[in-house]
Amino acid sequence: MNKKRLSAAAAMLAATTALVACSSDGGGGATTTSGSGASNCTNTIPKKNLPVVTMWGWYPNMQLVVDNFNKQNGEVQVCWTNVGQGSDEYDKFQTAVSAGTGAPDVIMIEMDRIPTFQIQSALVDIKKYGFDAVKADYSEGAWKDVSVGDAVYGVPVDGGPMAMIYRKDIFKKYDITPPKTWAEYEQAAQKMKDAGGPAFGDFAANVSALTMALQIQKGAAPFTYDPAQQSSIGVKLNDQASKDVLDYWGRLAKKGLVGTQDQFTPEYISGVINGKYATYVSAAWAPGYLTGAGVGKGKDTGKFAVAPLPQWDPDNPVQVNWGGSAFSVTSQAKNPELAAKAAYGLYADKESLTHGWTNQIIFPLNLKALNDPEFVNLKVAFFDGQQANKEVYVPAANAYQGVTYSPFGQFYFDAMTKQVSALIEGSVTGVQAADKLQEDVAKYAEEQGFTVQ
Amino acid sequence: MRGKVRLREHVMGWLFVGPFGIVFLTLLIAPLAYALYLSLFQKKLIGGTSFVFLDNYVKAFTDPSFISGSWFVIRFSLVSIPLQIIMALALALILDAVTSLFSRFSRLMIFLPYAIPTVIGAVMWGFLYSKSFGPLTDLFGLFGATPPDFLGSNLIFYGLVNIVTWQWAGYYMIILYAALQGIDPALYEAARMDGAGKWQIALRIKIPLIAPALLLILVFSLIGTLQFFNEPQILRSLAAGTIGPDFTPNMYAYQQAFALANFNYGSAISFALGGVVFVGVYGFLFLTRKRRSFL
Numbered sequence: 001m002n003k004k005r006l007s008a009a010a011a012m013l014a015a016t017t018a019l020v021a022c023s024s025d026g027g028g029g030a031t032t033t034s035g036s037g038a039s040n041c042t043n044t045i046p047k048k049n050l051p052v053v054t055m056w057g058w059y060p061n062m063q064l065v066v067d068n069f070n071k072q073n074g075e076v077q078v079c080w081t082n083v084g085q086g087s088d089e090y091d092k093f094q095t096a097v098s099a100g101t102g103a104p105d106v107i108m109i110e111m112d113r114i115p116t117f118q119i120q121s122a123l124v125d126i127k128k129y130g131f132d133a134v135k136a137d138y139s140e141g142a143w144k145d146v147s148v149g150d151a152v153y154g155v156p157v158d159g160g161p162m163a164m165i166y167r168k169d170i171f172k173k174y175d176i177t178p179p180k181t182w183a184e185y186e187q188a189a190q191k192m193k194d195a196g197g198p199a200f201g202d203f204a205a206n207v208s209a210l211t212m213a214l215q216i217q218k219g220a221a222p223f224t225y226d227p228a229q230q231s232s233i234g235v236k237l238n239d240q241a242s243k244d245v246l247d248y249w250g251r252l253a254k255k256g257l258v259g260t261q262d263q264f265t266p267e268y269i270s271g272v273i274n275g276k277y278a279t280y281v282s283a284a285w286a287p288g289y290l291t292g293a294g295v296g297k298g299k300d301t302g303k304f305a306v307a308p309l310p311q312w313d314p315d316n317p318v319q320v321n322w323g324g325s326a327f328s329v330t331s332q333a334k335n336p337e338l339a340a341k342a343a344y345g346l347y348a349d350k351e352s353l354t355h356g357w358t359n360q361i362i363f364p365l366n367l368k369a370l371n372d373p374e375f376v377n378l379k380v381a382f383f384d385g386q387q388a389n390k391e392v393y394v395p396a397a398n399a400y401q402g403v404t405y406s407p408f409g410q411f412y413f414d415a416m417t418k419q420v421s422a423l424i425e426g427s428v429t430g431v432q433a434a435d436k437l438q439e440d441v442a443k444y445a446e447e448q449g450f451t452v453q
Numbered sequence: 001m002r003g004k005v006r007l008r009e010h011v012m013g014w015l016f017v018g019p020f021g022i023v024f025l026t027l028l029i030a031p032l033a034y035a036l037y038l039s040l041f042q043k044k045l046i047g048g049t050s051f052v053f054l055d056n057y058v059k060a061f062t063d064p065s066f067i068s069g070s071w072f073v074i075r076f077s078l079v080s081i082p083l084q085i086i087m088a089l090a091l092a093l094i095l096d097a098v099t100s101l102f103s104r105f106s107r108l109m110i111f112l113p114y115a116i117p118t119v120i121g122a123v124m125w126g127f128l129y130s131k132s133f134g135p136l137t138d139l140f141g142l143f144g145a146t147p148p149d150f151l152g153s154n155l156i157f158y159g160l161v162n163i164v165t166w167q168w169a170g171y172y173m174i175i176l177y178a179a180l181q182g183i184d185p186a187l188y189e190a191a192r193m194d195g196a197g198k199w200q201i202a203l204r205i206k207i208p209l210i211a212p213a214l215l216l217i218l219v220f221s222l223i224g225t226l227q228f229f230n231e232p233q234i235l236r237s238l239a240a241g242t243i244g245p246d247f248t249p250n251m252y253a254y255q256q257a258f259a260l261a262n263f264n265y266g267s268a269i270s271f272a273l274g275g276v277v278f279v280g281v282y283g284f285l286f287l288t289r290k291r292r293s294f295l
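Taken in sequence, the protein lines are chains A and B.
Position 72 (the first sequence) corresponds to 72 in this note's numbering; numbering is contiguous.
Position 53 (the second sequence) corresponds to 53 in this note's numbering; numbering is contiguous.
Source of the hints: derived by calculation from the structure; they are not laboratory data.
The structure displayed is predicted, hence computed values, not measured ones.
Straight-line alpha carbon distances no greater than 16 Å define the calculated EDC-like cross-link-like pairs of lysine to aspartate or glutamate that follow:
id, chain 1, residue 1, chain 2, residue 2
1, B, K44, A, E446
2, A, K297, A, D169
3, B, K43, A, E447
Quick partial rundown of chain A residues pointing at chain B, CB under 10 Å, derived from the structure:
id, residue
4, Q94
5, E447
6, T451
Cβ pair distances, simulated, as ranges:
id, chain 1, residue 1, chain 2, residue 2, range
7, B, S132, A, D313, 29 to 39 Å
8, B, L36, A, G402, 37 to 47 Å
9, A, G449, B, L32, 25 to 35 Å
10, B, W71, A, A99, 25 to 35 Å
11, A, G402, B, T49, 31 to 41 Å
12, B, A115, A, K297, 35 to 45 Å
13, A, Q63, B, Q181, 54 to 64 Å
14, B, L32, A, N49, 43 to 53 Å
15, B, T49, A, T354, 47 to 57 Å
16, B, F278, A, K297, 54 to 64 Å
17, A, D169, B, G141, 21 to 31 Å
18, B, I205, A, Q85, 56 to 66 Å
19, A, R251, B, I207, 53 to 63 Å
20, B, F157, A, K443, 23 to 33 Å
Beta carbons: idealized from backbone N, C-alpha and C, even for Gly.
One chain only, chain A, in its complex shape (with noise of 0.2 Å):
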């Protein structure tokens, strides 16, 4: 009796033991498909016995992009994954920083959030790793996103120049040409709603961003920042002109002008294929992104087509960019040099880059690409054969100066979503936002330690 308790209990711990070990071999599996591995590539890695780097990302077509860098390279192999797109991405990054461990070599990074993870020290400058080389390839002002000071902290891969996408059959049916100014837009859309039309554009929460730029566009400066000074920040996010904008786009959505749907949900998409919006403000890279998601196939097709944004000034002209990313290399990599080469050689190669815009996924940084005349006199199917890089994107993206962005980009991204949801719902003014907005962040600010001015 006593003998069979004994092996019954026995057994039930070596049950135990057995479910710790799965366990501890589902831990480490988790870890490897979240990228620090190099055993659980997406890819298949061709030259097996080169050192490997490992990389997150999320373009559509990064498979392609990280198989012709691996075909091409005899120094180095990237192990490849996509753990998710923007903030889930970030989210998995931040953790793996806080943790210490589980972090990529090489990362696919928003330009706006180069300052969030540099200031945590999980980026290396890769200055001197092979910037001489590559430096000419890239525009200043492409550098200097990616900069913080002196220090570079990743390579520019696409940006996300702004110009408003329109359907030209609903502009014809309603007898509108494109606003150039953001007056005329008001106008425009308070003529199509007389008409019984659909919503003009659409203004949402969710897209903090894009909101973030049109406040530029018209003199807002939202932070300024010396990295030499890193406790000291300015916050100014209640200016004249952020006000203003806030207003105009709370004006037009209380009128019912606009819609204030939340961008990039199934919803936006549908609506936008059924034509519900006449306008979409937005950045380059949104054709691909809307070809992607099922916009402008089938009956739509050829209905698009793409005009400056409009201004403020008509006179003084200001270009912004919403978006755009690069490659960096994280303070994980246990071989910076060999990261920092693959960061400067993936999409960097013709095949890749000419992929990438023929396909409207990217809006190239990389000069090679930017000046290719067939990239600029590209009749662009989406737009129905308009020549969009040449008469929009390409001097929107030159005339683009570049952004100081704030080391709590998250942070202020949420808290601008809240607020203009709030001035949507209509229980605050643009102005009223705006002083919240400021007042939230820099609280938040003072309790991460920085003084702000």
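Place chain B on chain A using the hints.
What follows is chain B alone, placed relative to chain A:
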């Protein structure tokens, strides 16, 4: 001799408890202790980590985000829990009284939503609530009306009440149904002899006898609702404006820890939420303490 046997039984006892003990210590107690430890520190982007003792808790209980989130889940509990339990009780009583093939089929169908993972359920409801391609649109379109926007800030509360009720009422129904099946039928016979009707049997015999099971599901649902996370977190990707990152305390803790890297404050919020849950549940049990209860 006797002592030896006792010692052996002792060892045996520990061996049996061991497997559970190991899992309990490593997966529950250790993380809790670590989170408690983390919650006593503060890490700033400028200035690094410092020991702040209870400052994070003081901050949490004066933080409008935490207070409004807690208030939301408390209100949510007050509305959704009675609704779920009344529905579950009514369904259990009906299914207990009626026995046919149809009732067995209904039982399965009512229980089915529980078998769907909450995340999938939330995604599904996100589509059902859609203004442009949800069934509500067609339904209201028949009368030429615009459908209600359950993902908008006015109706999100009821949109979520509906999802939670759909998901959990069936599960609670099964628990109550099982409790009802455990009642000795002789009691019903005796009641009928004394002249009790169907209603009286249900109200005076069945419900009092399953009171412990009712209390059990009340406590379960209270704890679950105060920790509300999955559904709003999923619907956030469809309605980020309506559902902020501080919508519920659990979401706020997640946001602080994993998006803003404030693991210390995130831990403090988790513990503060634990405090709210403890006070809520203990208060509830104290109010309902009776001759005998399951605790």
